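Engineer: One letter stands for each residue in the lines below.
There are 2 protein chains.
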Amino acid sequence: MNLKSLTIALAATLAVSLCEAQTSTEKIKEDFQASTLNQPGQDYPRVNSQGYVRFRIKAPKADSIRVTLGLGGRGGTKLTKDTGGYFTGTTEGPMDEGFHYYHLIVDGGVFNDPGTLNYYGSTRWESGIEIPAHDQDFYALKDVPHGNVQQILFPSKSTNTQRRAFVYTPGDYGKNKSKKYPVLYLQHGWGEDETAWSNQGHANLIMDNLIAEGKIKPFIIVMTYGMTNDIKPGGLRNFKIDAFETVLTDELVPYVDANFQTIADKAHRAMAGLSMGGMETHLITLAKPEEFAYFALLSGGVYTPAELKDKPNAKLIFISCGSKENPTRVNDAVAALKDAGYNAVSFVSANTAHEFLTWRRSLKELAPLLFKD
Amino acid sequence: MNLKSLTIALAATLAVSLCEAQTSTEKIKEDFQASTLNQPGQDYPRVNSQGYVRFRIKAPKADSIRVTLGLGGRGGTKLTKDTGGYFTGTTEGPMDEGFHYYHLIVDGGVFNDPGTLNYYGSTRWESGIEIPAHDQDFYALKDVPHGNVQQILFPSKSTNTQRRAFVYTPGDYGKNKSKKYPVLYLQHGWGEDETAWSNQGHANLIMDNLIAEGKIKPFIIVMTYGMTNDIKPGGLRNFKIDAFETVLTDELVPYVDANFQTIADKAHRAMAGLSMGGMETHLITLAKPEEFAYFALLSGGVYTPAELKDKPNAKLIFISCGSKENPTRVNDAVAALKDAGYNAVSFVSANTAHEFLTWRRSLKELAPLLFKD
Numbered sequence: 000m001n002l003k004s005l006t007i008a009l010a011a012t013l014a015v016s017l018c019e020a021q022t023s024t025e026k027i028k029e030d031f032q033a034s035t036l037n038q039p040g041q042d043y044p045r046v047n048s049q050g051y052v053r054f055r056i057k058a059p060k061a062d063s064i065r066v067t068l069g070l071g072g073r074g075g076t077k078l079t080k081d082t083g084g085y086f087t088g089t090t091e092g093p094m095d096e097g098f099h100y101y102h103l104i105v106d107g108g109v110f111n112d113p114g115t116l117n118y119y120g121s122t123r124w125e126s127g128i129e130i131p132a133h134d135q136d137f138y139a140l141k142d143v144p145h146g147n148v149q150q151i152l153f154p155s156k157s158t159n160t161q162r163r164a165f166v167y168t169p170g171d172y173g174k175n176k177s178k179k180y181p182v183l184y185l186q187h188g189w190g191e192d193e194t195a196w197s198n199q200g201h202a203n204l205i206m207d208n209l210i211a212e213g214k215i216k217p218f219i220i221v222m223t224y225g226m227t228n229d230i231k232p233g234g235l236r237n238f239k240i241d242a243f244e245t246v247l248t249d250e251l252v253p254y255v256d257a258n259f260q261t262i263a264d265k266a267h268r269a270m271a272g273l274s275m276g277g278m279e280t281h282l283i284t285l286a287k288p289e290e291f292a293y294f295a296l297l298s299g300g301v302y303t304p305a306e307l308k309d310k311p312n313a314k315l316i317f318i319s320c321g322s323k324e325n326p327t328r329v330n331d332a333v334a335a336l337k338d339a340g341y342n343a344v345s346f347v348s349a350n351t352a353h354e355f356l357t358w359r360r361s362l363k364e365l366a367p368l369l370f371k372d
Numbered sequence: 000m001n002l003k004s005l006t007i008a009l010a011a012t013l014a015v016s017l018c019e020a021q022t023s024t025e026k027i028k029e030d031f032q033a034s035t036l037n038q039p040g041q042d043y044p045r046v047n048s049q050g051y052v053r054f055r056i057k058a059p060k061a062d063s064i065r066v067t068l069g070l071g072g073r074g075g076t077k078l079t080k081d082t083g084g085y086f087t088g089t090t091e092g093p094m095d096e097g098f099h100y101y102h103l104i105v106d107g108g109v110f111n112d113p114g115t116l117n118y119y120g121s122t123r124w125e126s127g128i129e130i131p132a133h134d135q136d137f138y139a140l141k142d143v144p145h146g147n148v149q150q151i152l153f154p155s156k157s158t159n160t161q162r163r164a165f166v167y168t169p170g171d172y173g174k175n176k177s178k179k180y181p182v183l184y185l186q187h188g189w190g191e192d193e194t195a196w197s198n199q200g201h202a203n204l205i206m207d208n209l210i211a212e213g214k215i216k217p218f219i220i221v222m223t224y225g226m227t228n229d230i231k232p233g234g235l236r237n238f239k240i241d242a243f244e245t246v247l248t249d250e251l252v253p254y255v256d257a258n259f260q261t262i263a264d265k266a267h268r269a270m271a272g273l274s275m276g277g278m279e280t281h282l283i284t285l286a287k288p289e290e291f292a293y294f295a296l297l298s299g300g301v302y303t304p305a306e307l308k309d310k311p312n313a314k315l316i317f318i319s320c321g322s323k324e325n326p327t328r329v330n331d332a333v334a335a336l337k338d339a340g341y342n343a344v345s346f347v348s349a350n351t352a353h354e355f356l357t358w359r360r361s362l363k364e365l366a367p368l369l370f371k372d
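First to last, the sequence lines map onto chains A and B. Take 0 as the starting number for the first sequence in numbering that gives the first Met the number 0 and just add one per residue. Take 0 as the starting number for the second sequence in numbering that gives the first Met the number 0 and just add one per residue.
If you are wondering where the hints come from, they were derived from the structure by calculation, not from laboratory data. Note that the coordinates shown come from a computational prediction; the quantities given were computed from them, not determined experimentally. Hints are not guaranteed to be accurate.
[Claimed, not checked] Below, a list of computed lysine to any residue pairs in the SDA-like style, where the Cα atoms sit at most 20 Å apart: (1) 141(B) x 174(A); (2) 176(A) x 60(B); (3) 287(A) x 174(A); (4) 80(B) x 161(A); (5) 178(A) x 59(B); (6) 176(A) x 254(B); (7) 174(A) x 150(B); (8) 156(B) x 162(A); (9) 80(A) x 260(B); (10) 80(A) x 59(B); (11) 174(A) x 59(B).
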């Protein structure tokens, strides 16, 4: 277990809001449009073609509203009150492409922007905004056959609860009753939950599009809660994987194999995770070498040849991050794994940080490499 | 078409927040517990055994916070600021059992309570709270076989979009590849969407429990967006059902029949809806008599013998509401339908208004009456 790598990953999670936006002296284009993640009928927040975000919040009797997006390290975006009771403001610089969490500070209290949809992150339902990415087509909702995302409730004796997971089944699932599919177990990060990969990540649309383009053979994705939200900053060294490992490998995997058309063996089972989900993937794939044949860490640390020695060979080790994280570390780790004879692949997402566009792109790169036999 | 009945239903929707709580002089018991709908780790809002709700919101620099729950007609619950920067307050009277939507007014602005989960109602994601009902066991999450709720994306030529629906499949679905199931099409109310029946309504848990107790034969439930949210108060007379009717009967029903193990005929297809979803059920079942054999209006108007004359006989007409709505109208309508020879059933939910406990109970009463051939 490489504690330093985990600490780096978590530090990146916490630091990301401090460095999302760049100060800029460019002229702001007045081509703002309502964010695609707004609630029905809401005009604000708005995003322009450069990635600037403009906010507008009604609170006639409030004294101050600040938005935790844009130059967070210097206080986010402070809004200015007009005579009509609205607070408005624009980020000082453009935001990175992709998805960002944020919230408001209204007279010192934490509230969500009433204009946006909410996404579970930082152990709370946060406001979300999407800066259209130049490559957004790969996760767009298109007129192609769609897979389904289904909520399952599976019995967990170890925790004495009925636990929730979401299962993506590809568009052709169930049409041929005897066809069986490989399975990717895909984990969210710290502060998130089992809703993250389909809501923020668009994992289902990424898969639908890859399948429609003939770039991958269909497989199932299972996403459950990684029990990571009790981890407080600084408490990472005390994290015990055992509880989640038991739920995942002793309860969820057998439930999925019993209830879905899966190829129920190690060679057709992969595990991947983002950030703390990468840490969990790292720990569980090493602790249970009989379970998974494909390993993927998305902004979630690295494997070393030393820790893989004496373990059965993984069919693939995929390690990724955003270019604004620590790509050198990812590339160096993959080079070392390759030197040691492992089938390792690195991916660095251009111009993104520890956020969901990095992970959407990582899934798009990972999926065609899985289940190649 | 009975316009008066629709107006009454909509008026009830809008009026409900004005009459949720009763003024009371009883002593408030200090046995408050965190609401079951709170976000992870949140202690407030809290509910006591009498149904009082206590709120606590941090906003150190705010001047006023009001909660739109409890005696709404007199301004909801006004919170009081303490020296620690928290606003606290308790509803003046106990709330009805079951689920309630609400939000905060913070210095004149509309925000959600950061302590609670959010539910789509009133055309926005609202804060939700649950007052434990004496009969809550029927929608409790139990250690029984669970069905799945899956998000489907179906192509809609008439609206040129990929539209979303949620499909409940019972626990035994798919185990026997040749077993086919009847289908209930179940609609939400005005201001809600396709998430309402599983999130607020617990339709899946109600079904799981009824099936586990042997009270019903398993069937599928399909829930989609009824396109009702553009209806503004007062504009109801202008509501045109055509667009939704086309999506439902020409696009969704055929998609479900092509992609799920359904018995694809009228005799095994039911339609039900709550409030404006009842109005839609009313209109569509009358306009498309070849589609559905079972009709159910939940706080959503009534059928009259006159409008059913010359139509094929429904196998069942189910009409329900809460005792705090207009039960006399429901009972009278069902009596008239019975007199005219129809198989009509009424249900009145005790001590509830135009809210989700009425509709959870209605589904529990309706389900055993469906697909009895």
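Engineer: Hints first: check each against the structure and report whether it holds.
Structural biologist: Hints versus structure:
{"no.": "1", "hint": "141(B) x 174(A)", "result": "31 Å, violated"}
{"no.": "2", "hint": "176(A) x 60(B)", "result": "61 Å, violated"}
{"no.": "3", "hint": "287(A) x 174(A)", "result": "33 Å, violated"}
{"no.": "4", "hint": "80(B) x 161(A)", "result": "40 Å, violated"}
{"no.": "5", "hint": "178(A) x 59(B)", "result": "59 Å, violated"}
{"no.": "6", "hint": "176(A) x 254(B)", "result": "18 Å, holds"}
{"no.": "7", "hint": "174(A) x 150(B)", "result": "17 Å, holds"}
{"no.": "8", "hint": "156(B) x 162(A)", "result": "37 Å, violated"}
{"no.": "9", "hint": "80(A) x 260(B)", "result": "57 Å, violated"}
{"no.": "10", "hint": "80(A) x 59(B)", "result": "19 Å, holds"}
{"no.": "11", "hint": "174(A) x 59(B)", "result": "58 Å, violated"}
This entry does not satisfy hints 1, 2, 3, 4, 5, 8, 9 and 11, going by the numbered hints stated previously.
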